[in-house]
Amino acid sequence: MSVILIMIPGAMVLAALGVWAFINAAKKGQFDDLDTPAIRAVFDDDDYTATKEGVPDAPHMRNDSVGDNNADAPSV
Amino acid sequence: MTRTIASGSVPAMPESASNTRAEVLCDHCDLPVPAGLIDPDAEHQFCCGGCESVYNVLHGAGLEGYYGIRDAVAKDNQPAASSNQNYEELDDPAFQSACVTNLPGGECETELLLEGVHCAACVWLIERLPRVCPGVIESRANIRTRSAVVRYAPDRVPLSRVAQALDKLGYAAHPARGAGAREARRKEDRKFLIRVGVAGAIAGNVMLLAIALYGGALSGIDEFWEHTLRYYSMGLGLLSLVWPGRVFFRGAIAALRTRTAHLDIPVALALAVGGIWGSYNTLTQSGEIYFDSLSVLVFFLLVGRWVQHRQQRGAADQVELMLTLTPTSAERLLDDGTTKRVPIEAIEVGMRVRVEAGGSIPCDGIIEEGTTQVDNALLTGESRPVACALGDEVIAGATNLGSPILVTVSAVGDSTRAAKLMALVASATADKAPIVQFADRVAARFVLAVIFLAILTLTLWTIRADLRTGIEFATALLIVTCPCALGLSTPMAMSIALGRAAKQGVLIKSAAAIEAMSNPTKMNAVMVLDKTGTLTQGKTRVVRSECDQDLLICAAAIESGSNHPLARAIIDAVADAPIPSAKDITQTAGAGIEGLVDDRRVRVGSPAYIRASAQSDAATLSAIDRMLAEGLTPVVIADDQGRTGVIGIGDPLRDDTIDAIAALRDRGWGLHLCSGDHPEIASQLAKRVGIEHAMGGASPERKAELIRSLRDQGHRRIVMVGDGINDAAAMALADVGIAVHGGAEAALQAADVYLTAPGVMPIETLCDLGAHTMKTIRIGLVVSLCYNTVAASLAIAGLISALIAAVIMPMSSLSVVALATRPWKYRGRA
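Quick mapping for you: the protein sequence lines, in order, are chains A and B. Residues in the first sequence are numbered from 16 upward in steps of one, following this note's numbering. Residues in the second sequence are numbered from 2 upward in steps of one, following this note's numbering.
Keep in mind the hints are simulated off the structure, nothing from the lab. Among these hints, one or two may not hold up.
Derived DSSO-like pairs (lysine-lysine); straight-line CA-CA distance at most 30 Å [as the list claims (entries may be wrong)]:
id : chain 1 : residue 1 : chain 2 : residue 2
1  : B       : K826      : B       : K504
2  : B       : K76       : B       : K510
3  : A       : K43       : B       : K584
4  : B       : K341      : B       : K510
5  : B       : K540      : B       : K584
6  : A       : K43       : B       : K76
7  : A       : K42       : B       : K188
8  : B       : K540      : B       : K188
9  : B       : K510      : B       : K523
10 : A       : K42       : B       : K192
11 : A       : K42       : B       : K540
12 : B       : K76       : B       : K523
13 : B       : K504      : B       : K540
14 : A       : K43       : B       : K192
15 : B       : K192      : B       : K504
16 : B       : K510      : B       : K192
17 : B       : K510      : B       : K584
18 : B       : K510      : B       : K540
According to the in silico footprint, chain B covers these stretches of chain A (three or more CB under 8 Å from chain B) [claimed, not checked]:
id : region
19 : 25 to 38
20 : 42 to 48
Residues of chain B placed beyond 12 Å of chain A at every Cβ, according to the derived structure [unchecked claim]:
id : residue
21 : E89
22 : A121
23 : R145
24 : T146
25 : A154
26 : V197
27 : T229
28 : G236
29 : I254
30 : G351
31 : T470
Ideal Cβ placement from N, Cα and C applies to all residues, glycine included.
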């Protein structure tokens, strides 16, 4: 049983490490915005754009019948 | 190319066009294109110029993926919010030093608030900004605060170009002012979260130790281990009390100092007594320790408060975004005759600024060039535009309705009329007594009851047994009756209500407002409503027409070249009908206008103007009298074939005003109308919508005075509803200030509640929600009191153990939290 004498302080130190990590993360603002990162992760891929830069005529993914002719679309 | 929704092909009346006519949808935002903008020859159709340019930009930059994402996630489409400004004021050094952070490596970072951010696709698009605007290194959007932090290389791209690029993507950008205050708030939020996290970690660990201790109590435990575990519990428990838990002690001390009731007082009492007695028992190695219950108590209460805090902050953030929509720049006329956009801070007395038609006047000044009409409604409550010419004074915050004017600045910043009104708001806010919330009022009685019972238990058991047992049971009583459930149910119910209100178009900055709106009868409550822009639409429209449609169209044809507000009202009145062209137009300033339409000479103008040239018949004269009696401005239209018509132009009521006022009166609100407009107009309108008391010609100071005198008359809840700077002081002074949709900046700052949906009806919805929420809180109180009564009787009887306390507390908390989610649906008047 005397191992508990080491285990409990050990567990406390681990818990303290966790709390310390949490405080640091909170102070750096990692929990400031809990909504956007969820969205960002889903659409992070540029594959969603079928039309890559420089390939203006590739078909894109819009799911309706919009005619697509970018040849005359002005660029920024 | 053009997508249509097939529906009846019968030509429809213009009023029902959107229902029956085949609709053409905008290629960018998928919303219907107004009939006048459909171009049959074009490949793509757009509902506005903004959508068109965004569509082109997206296709030019290979960002069409936006549409795919938006169609997948967005529930409501919105047209592009482009403003087509050139944002050159952002490059002004004065602005840059205030709002832009210089990063090492020559890069800069700034935060921009964006209009039109509404879904995941917007986030995706904003974060692709570097692709559209070379020189931008990174752009990170935040969907909750509707803002973006942009990092860019200033040597490659000026900030104005960055803002222009965002604008071209359909998000009008506004610099986030008050960066210091935002940062401070952010730090406060983080501290709050850290307290919750630390309290949770400690509570979890103390509970692990408690399991060992309770297990030991049931099946036997070596004394050495028992005391070791108790020492550990004490260490963690005390840490929880002095670190995250100290907010309760601070709150209690502050409440005691100001002699106000607060829920923190019984909480702090339980924490303090439990902590001290538990430590004493640990050190003397006898009796019960309560650190598991105490640390869980701290954690639960903090979680409840944090949830409510987050909801309120969300509402405050959204109001702040609306605040930044007001102009922060002005167009300054330089000596060489060119104009330059500069931030409002850079304007000094004596400079000359140009104000476009439709623009907001940025500072007090004297008109140096141009004649126009100015809408002072937000400042004075006057519904009619004021004609201004050379040498007249204009005030900051007014809207220029007519033609462009040149203004010599006579006052800026704190010395403008608007700023003086804001100072009035600040002093009113300081005067305002905070609403003592229900939970706090209950807490006051609760404390007395609990202290009485604790003393009773102490005496009883000291007499029956000894002092030690007495203290033991009294401590147990204090801890088990700690109003944990009450402290948790109130913020939970409130934050759920805040979320529900936001969905109904009501943003609430302070939860106390929900309670204040809940029970008008009991509090002898009055609601003071502003007229212009609150009950009425705040726009000039043709309200009454005693005139042939044909003649009205002729009038619109003649007026189509004019930008006089009355002219615009006439043009709006004919809506979709094609307007013929008019020739040979002569205008008599301040009286009327005449011209030739289809070979008919038509005159439009004031009764006097028409009378000068033609005979008026009795019907026309009586029509004019009726219009005047209703408080409308009569405009007579006559042609050379002897036909005459009269239209009444005024500020029409909002669609839901009459229903909402009736509903509020039924709820028991005393209603007052308080307007800066002419007393006659005010009392007529009050009679029409069914408001008892009306006061006209009220200055902002007079409105605030009305609130004070109502309070002196014994009304214990006063709600002020308004939209303008002239209402702001009264709103700040009232118990609850409500700013209606489309209100002025000052009104937003002074208000506790802001309506994002147009009309007055959301106020009625808020009353209903308030009543529901207070009922939920009362049920929660009854439930937690039941638990407390059981626990208190056990404690007085000396039957309580730490284990029972540890079971009862979370049980009562869980049941009240479950109760707080009681469903609500607006049912209208009961």
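Each hint, compared with the structure:
{"no.": "1", "hint": "B:K826 with B:K504", "verdict": "12 Å, holds"}
{"no.": "2", "hint": "B:K76 with B:K510", "verdict": "26 Å, holds"}
{"no.": "3", "hint": "A:K43 with B:K584", "verdict": "68 Å, violated"}
{"no.": "4", "hint": "B:K341 with B:K510", "verdict": "37 Å, violated"}
{"no.": "5", "hint": "B:K540 with B:K584", "verdict": "29 Å, holds"}
{"no.": "6", "hint": "A:K43 with B:K76", "verdict": "33 Å, violated"}
{"no.": "7", "hint": "A:K42 with B:K188", "verdict": "8 Å, holds"}
{"no.": "8", "hint": "B:K540 with B:K188", "verdict": "43 Å, violated"}
{"no.": "9", "hint": "B:K510 with B:K523", "verdict": "24 Å, holds"}
{"no.": "10", "hint": "A:K42 with B:K192", "verdict": "8 Å, holds"}
{"no.": "11", "hint": "A:K42 with B:K540", "verdict": "48 Å, violated"}
{"no.": "12", "hint": "B:K76 with B:K523", "verdict": "41 Å, violated"}
{"no.": "13", "hint": "B:K504 with B:K540", "verdict": "27 Å, holds"}
{"no.": "14", "hint": "A:K43 with B:K192", "verdict": "11 Å, holds"}
{"no.": "15", "hint": "B:K192 with B:K504", "verdict": "28 Å, holds"}
{"no.": "16", "hint": "B:K510 with B:K192", "verdict": "20 Å, holds"}
{"no.": "17", "hint": "B:K510 with B:K584", "verdict": "55 Å, violated"}
{"no.": "18", "hint": "B:K510 with B:K540", "verdict": "28 Å, holds"}
{"no.": "19", "hint": "25 to 38", "verdict": "holds (count 7)"}
{"no.": "20", "hint": "42 to 48", "verdict": "holds (count 5)"}
{"no.": "21", "hint": "E89", "verdict": "18 Å, holds"}
{"no.": "22", "hint": "A121", "verdict": "4 Å, violated"}
{"no.": "23", "hint": "R145", "verdict": "5 Å, violated"}
{"no.": "24", "hint": "T146", "verdict": "8 Å, violated"}
{"no.": "25", "hint": "A154", "verdict": "17 Å, holds"}
{"no.": "26", "hint": "V197", "verdict": "10 Å, violated"}
{"no.": "27", "hint": "T229", "verdict": "8 Å, violated"}
{"no.": "28", "hint": "G236", "verdict": "9 Å, violated"}
{"no.": "29", "hint": "I254", "verdict": "26 Å, holds"}
{"no.": "30", "hint": "G351", "verdict": "40 Å, holds"}
{"no.": "31", "hint": "T470", "verdict": "31 Å, holds"}
The structure fails to meet hints 3, 4, 6, 8, 11, 12, 17, 22, 23, 24, 26, 27 and 28 from the earlier list, while all remaining hints are met.
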